[in-house]
Amino acid sequence: MSTTQASAAAAGPDEPAADNYLTHRRGVRSWLLTLDHKRIAVMYMVAILGAFLLGGIFAVLVRTELLTPKPVFLGNAAREWDLYNHLFTLHGAVMVFMFVIPGIPAIMGNFVLPMMLGAKDVAFPRLNLLSFHLYALGGLFFVYVLLGGVLQAAFGIHLPGGFGLDTGWTFYTPYSTGKSITGVIPATMGAFIMGFSSILTGVNFVASIHMLRPRGMTWFRMPLFLWGLYATSIIQILATPVLGITLLLLLAERALGVGIFDPALGGDPVLFQHFFWFYSHPAVYIMILPAMGVMSELVPTFARKHIFGYRFIAYSSIAIALLSFLVWGHHMFVSGQSPLANAIFSLLTFSVSIPSAIKVFNWLATLYKGDIRLQTPMLYALGFLVLFTVGGLTGLFLGALATNVPLHDTYFIVAHFHYVMMGSVLFAFLGGMYYWWPKFFGKMVDDRWGRIAALVVFVGFNLTFFVQFVAGSQGMPRRYASYPEKYRIYHVISSIGAYLMAVGLVMVALNWWHSLRRGRPAPANPWGSNTLEWRTSSPPPHDNFAKAPEADDPYDVSAWRFDQASGGWVHEPAQRGFDVVVPPTKA
Amino acid sequence: MSQTTPVTDPHDHPPHLAHHYDTPQQQMASGKLGMWVFLGTEVLMFGGLFVAYAVYRHNHPEVFEYAAEKYLNKIWGGINTLVLITSSLTMAWAVRCSQLGQKRAMVTLLGLTLLGGVAFMGIKAVEYHDKWKHHVFVGPTNIYRQAQSPAQGESTASAKPAAPAADSARLKQEDPNIGTSDEPRLRPLAAPPPGLAPAAKQRGGAEVHDPQRNQRLLVSTFFSIYFLMTGLHGLHVLVGMGLISWILVRGLRGAFSPQYFTPVDLVGLYWHLVDLIWIFLFPLLYLIH
Amino acid sequence: MWRVLANSFWMPERASTHAETVDPLFYFILGLCIFFTALIVTLLVVFVLRYRHRAGHQQQPSPSHSTRLELTWSIIPTILVLIIFYYGFRGYLRMSVVPPNAYRIDVTARMWNWQFTYPNGYSDGTLHIPVDTPILLVMRSEDVIHSLYVPAFRVKRDAVPGRYNRFWFQARQTGTFDVYCAEYCGTNHSQMLTKVVVHDPTDFQKWLVEAAEAENRLDPVAAGRKLFEGRGCTQCHSSGTTKLIGPGLQDVFGSQVRLADGSTVLAEDNYIRDSILHPQKQIVAGYGGEMPSYAGSLTDRQIDAIIWYMKSISKHHQSPLPSPAATAPTTQSVPATVPRP
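Chains as they are written, first to last, in our numbering: chain A, 87 to 673; chain B, 62 to 350; chain C, 414 to 754.
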């Protein structure tokens, strides 16, 4: 019955489209000047993964240096620690500004958001292209800084504006304004420009979600990934401009000697910290909210169940976005802030932990009485659950005033934020990439190797970072190039873990590369999700949908059944207004 | 607009409707929402500067009063305010004209708005020139800062200040205001600067030896804040003028009609924000005592 | 017993009374973390095993929301975090309110060493304190933000330039404990280490008096060497010829020094003094000009001693060095720029 209907219809979504967004137009200009959100997403992907590689190389170098208490290979006698200081700074700056903050929204948000809305593009396609080019331009500034560092270290050539960056990614004054002789100016300019990329993406997503929802998709029938992106966009819009002005003030101070932050000129260095953290704390929620959005897609899809507690998850996303603006002072408990301010920030910090806890319990409850498939994306999602639990709970130590004092600026903090930024955001990023990869490129990724790599990354991650909690509580300060002998054991374990994790991530990269060259052609809906992006071919055509799909409950997967022959999920029974899925005749 | 025609594309929609929108109304509403959100980001950005202003004003009110009184001209500021408010009026009127399809009136009013912008920047140039003459600009070349480090010309922020001035004659030589009629307004600090314990006054370097130095430095800080705020605002005025010129040209070419006037509307919104920011800047910098 | 084990696994020794405030809260939170992690991981594993897709597994219907559950797992965590907040705040207040009779020591942080000044005016690079006595540290920084951190005492406070930050603690056992700088401050941040030595009270008084006198009793060269080693000079200068962040000081005195602007200058007493008080005035060729000024923290007498020390390590200085017997402590210490308390 379905076959007759199928043969009557035009090429069903399960057949690789003759003309999809990748083949639609050729040539470099058709990519660099594209208005297609999908192509923009792919360009972001290349740049962002490149940034991740760079940041990762720095991390491996940092951990190699820390294998021994004394410096081994990073520097000459006169400037022993300097190279190390550049490495940890650039690791942080590149990872934060070029990978974690843009990561999920720029790649998966850009590609998937319009499709989840059944739309042809985002609200402002040209603005979207501008966002990408601003990201690239800001990235060029960072490349300049790096190049300057390399030229200086290797050949003694000085580029104007300074070389490398050794202020820490936090740019604390007055070191960054008055003492550092590195490329603070180009680096802050790069971050400033990238900030606008972020802001404009936020504007775009907010307008898209408000304006481009199809008929039938009310706010509470929207996929939770979109709620996550919406909450993220709110933060991007409200917080990033403050970073912009902070960096501008930093630039003015350094270039013109303004005197806002330098005490020798009548300024207040702690004011910088207030400005900086007013953005940078909400920024960490820019990182985690999209990741949580991805989780809300992966868990119900692979558990074959409706997400548990939809409204609570949606509300908690908004709550997190709003509360995140009230807690920045918890980075400054020991800076000399008044006890009253400290108390208020501490109390508010605990408030922001509750919505996150609610989400974790809801995802867990989604697993209950499910029909769980442990494919690669799901392994990353489960990893997220564990690692985010640890990361989030260790935040309790840091929100409490008395325990924050000895733990601040130690490896405990380093471990905490890596558990949430890397263990959680990176795992969600990888899970999302594996999940949407077939849709992006029309190729399946080898699941067996994907699962092995996921396991290697998980073990390597915990080996790297769990011991750092102990090192930190035992007193090991952060940003140290050398350390007392008693901390050596922690560092050795941590470095071994880092190498293992690097191996796992290389396996992931090879896995993806192999998929592009020789992956099995992907069906329209390889995972059986009911969100709208799966109602079109993999990869999608230029305009996303031959016919705009109708919205229904995004988490109702009951109408899908797995079709062995095509290796994908098919909708049964076929519904009106919705392309019929045809198992392709296997060639 | 999309680069290519989609698979099913009946080109029977208005030329200004983008392909990813279903109706012109949806497109217009989308554009407006986007612009309002963007304006929100601008408010946050300037907000940071307002906070910096507020912090320093709260900590050193006498410095701000002195500098504003001595160097900022209320009259010019007031004229600028009137100019911008009037230009907002002409802008809003121009939007109305575009809605009604009155092309000539719209273009004229846009031109007047542009003129307002030019006048604003002109007056700003006059004010800035005045400060230039008095050497009260941003950074190390500010006269109040130069008085601190006579040994170094263009001092960088990293250099430590030279030895303190110990006698009043030298003080007078360094601070052009001492002995003038303005001096009473600069109330010297009888107590040490806040946050410095008495015992430490006897230790430490040049900072505490000369209480007046801190105040002079802060006048320099005031001007840094002043220039950053008005400068950033001025930049936005220039951008606004560019945008108005762009839609003026498009308007002359007949791009707008009662069915499609969104760009005029959105540029109008931007211009109103620029005006609004000035309305906050003016009293805070020029008027408050 | 378990607590003792846990004690040495997570935290260094409890050397101050603050540790008695911090550690119980730490272990309480740790207990909660372990409990909830175990709970969530166990549930996760159980669910994945029980409900994994396999032949013969029939998925049972289940609700997709439960307000009761939502309230439960919202309210219980809320109560728990409020408890944590309360004890955290209370402990923090105890750590913040300085006892009225605290023994005050002034701390000066600079790139990259610590200087502790005792009430009798004596300055040292190591922190010496009496046991069982509340100690108040008043900190200032001469350049960038540093942070004094004593893990064994569970204390940490930033030293911020342009203001005074103060905190207090009370050591409850004698011994020597590590002191770190915990706020990144540049090249030698990880070298900005020192120690806190906790004495018996009578022992402490004895040490303080002796240390202050010893400085006066030393001959200038020895005093100069002590200052060179204790005041952070070695962070950037070697006493030999090794080029570090700053030039090696051997054979500098009496030599012709090439400056960054191309001129040369004879390195005699005035040059050395200027280099210490106004280091930006004449920068040696090939170096970055990063030396901070010691104006206000070294007395004239101390600068004299340093100059003698530099003479002692220079082949260009021919005349005899002062012998220990030839020096008697002068009655007045004239400060280089400002009086010391």
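One thing to keep in mind: the hints can contain errors.
[Unchecked claim] List time: in silico SDA-like cross-link candidates among lysine to any residue, alpha-carbon distance up to 20 Å:
id: 1; chain 1: C; residue 1: 656; chain 2: A; residue 2: 109
id: 2; chain 1: C; residue 1: 728; chain 2: C; residue 2: 644
id: 3; chain 1: A; residue 1: 156; chain 2: C; residue 2: 437
[Claimed, not checked] Partial chain A-side listing against chain C, Cβ under 7 Å, derived:
id: 4; residue: 423
id: 5; residue: 425
id: 6; residue: 429
id: 7; residue: 495
It should be emphasised that the hints constitute simulated quantities derived from the structure, not laboratory data. All of these numbers come straight from a predicted model, not from anything done at the bench. Positions of the beta carbon are idealized from the N, C-alpha and C atoms, including for glycine.
Hint-by-hint comparison with the structure:
1. Between residue 656(C) and residue 109(A) the CA atoms are separated by roughly 60 Å; this puts the pair beyond 20 Å, and the hint is violated.
2. Between the alpha carbons of residue 728(C) and residue 644(C) the distance comes to roughly 24 Å, so the proposed pair goes past 20 Å and is violated.
3. Between residue 156(A) and residue 437(C) the CA atoms are separated by roughly 34 Å; this puts the pair beyond 20 Å, and the hint is violated.
4. Because the closest C-beta pair between residue 423(A) and chain C is about 10 Å apart, greater than 7 Å, the hint is violated.
5. Interface restraint check: residue 425(A) against chain C, minimum CB-CB distance 5 Å, threshold 7 Å, status holds.
6. Hint status for residue 429(A): holds, given a least beta-carbon distance of 5 Å to chain C, under 7 Å.
7. Contact between residue 495(A) and chain C, as hinted, is supported at the beta carbon level, the nearest pair being about 4 Å apart and thus within 7 Å.
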